[in-house]
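Visitor: With the sequences and hints as input, model every part of the structure.
All residue numbers for the sequence shown refer to this note's numbering, where the first residue is 59 and numbers rise by one.
Treat the hints loosely; a few may be bogus.
Derived lysine to any residue pairs resembling SDA-like cross-links, with alpha carbons at most 25 Å apart [to be verified]: (1) Lys95 <-> Ala192; (2) Lys95 <-> Tyr208; (3) Lys259 <-> Asp124; (4) Lys95 <-> Val190; (5) Lys84 <-> Phe221; (6) Lys170 <-> Phe258; (7) Lys170 <-> Val226; (8) Lys84 <-> Trp112; (9) Lys259 <-> Asp123.
Don't read these hints as lab results, they were simulated from the structure.
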Amino acid sequence: MPRTPLISLALLAALAATNAHAEGFKATVGYENVNPKSNNGQLAGAEANVSDDWGFTGSLGYNFDDNWSADVWTGLTKFKHEVGIAGLGTVANVEHRPTTLTVNYHFMPAEKFSPYVGIGYGWVNVSGEEGVGALAGTQVRASNANGLTYVLGADVAVTDNVFIRGSVRKLDFDSDVTVNGAAVGTANVDPLVYGISAGFKF
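Guide: This is the structure in structure tokens:
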């Protein structure tokens with residue numbers, strides 16, 4: 059895991075330690091889709107397209123009171139995408155692992171259905187770049203990204219300690235791309251991440 063998400067986890071633990079009690083923690087494991095926006099910018103002067111992908115995610119959160127919580131969310135597996143360029147087809151494969159730290163407000167914490175909204179900061183660690191097709195054999199590199207993130211979701215209680223969560227979050231993901239060291243443009247991925255998770259309070 060990259061250094062910045064580790065710092066986020068440490069910050070959450072430090073905040074929780076000031077007033078920790080067993081009922082305050084929540085953990086989730088989910089299956090979610092990273093779905094890039096439709097216009098992904100231009101690479102080498104041509105329109106770029108980035109595919110979507112499904113993967114496993116997890117989160118650790120702490121409720122400071124009935125309404126407010128902090129949450130670290132991350133990819134448990136890397137998401138893999140194909141990058142296409144108009145007229146050339148798929149020219150690269152890339153992997154990334156997103157991580158976010160958000161502060162959330164829960165509207166109806168005592169109800170079986172409890173929606174929430176959150177805002178925070180996110181980091182995207184890019185790896186596994188590979189040129190294919192027209193760029194096979196070249197050195198393709200894409201930069202990491204970071205920026206504000208937003209989340210909208212809802213928890214549905216199954217038992218006192220088990221819940222199902224549905225969520226949609228927006229990631230700020232703009233990655234500068236080089237081929238053999240030469241800049242060819244910026245991929246504007248900026249995806250929505252949506253899916254469902256199983257959660258446990260402890």
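Visitor: Does the alpha-carbon distance linking Lys95 and Ala192 stay inside the 25 Å limit?
Guide: holds (24 Å)
Visitor: Between Lys170 and Val226, does the CA-CA distance stay at or below 25 Å?
Guide: holds (19 Å)
Visitor: Keeping to a limit of 25 Å between CA atoms, is the pair of Lys170 and Phe258 held or broken?
Guide: holds (14 Å)
Visitor: Starting from Lys84, check that the Cα of Phe221 is at most 25 Å away, please.
Guide: holds (10 Å)
Visitor: Does Lys95 pair with Tyr208 here, judged by a C-alpha cut-off of 25 Å?
Guide: holds (15 Å)
Visitor: Going straight from one Cα to the other, do Lys84 and Trp112 come out at no more than 25 Å?
Guide: holds (23 Å)
Visitor: Is Lys95 close enough to Val190, meaning Cα to Cα at most 25 Å?
Guide: holds (22 Å)
Visitor: Below or equal to 25 Å on CA atoms is what counts here, so check Lys259 against Asp124.
Guide: This hinted pair holds, its Cα atoms lying about 13 Å apart.
Visitor: Would the pair Lys259 and Asp123 pass a check requiring their Cα atoms to be no farther apart than 25 Å?
Guide: holds (14 Å)
The structure shown violates none of the earlier numbered hints.
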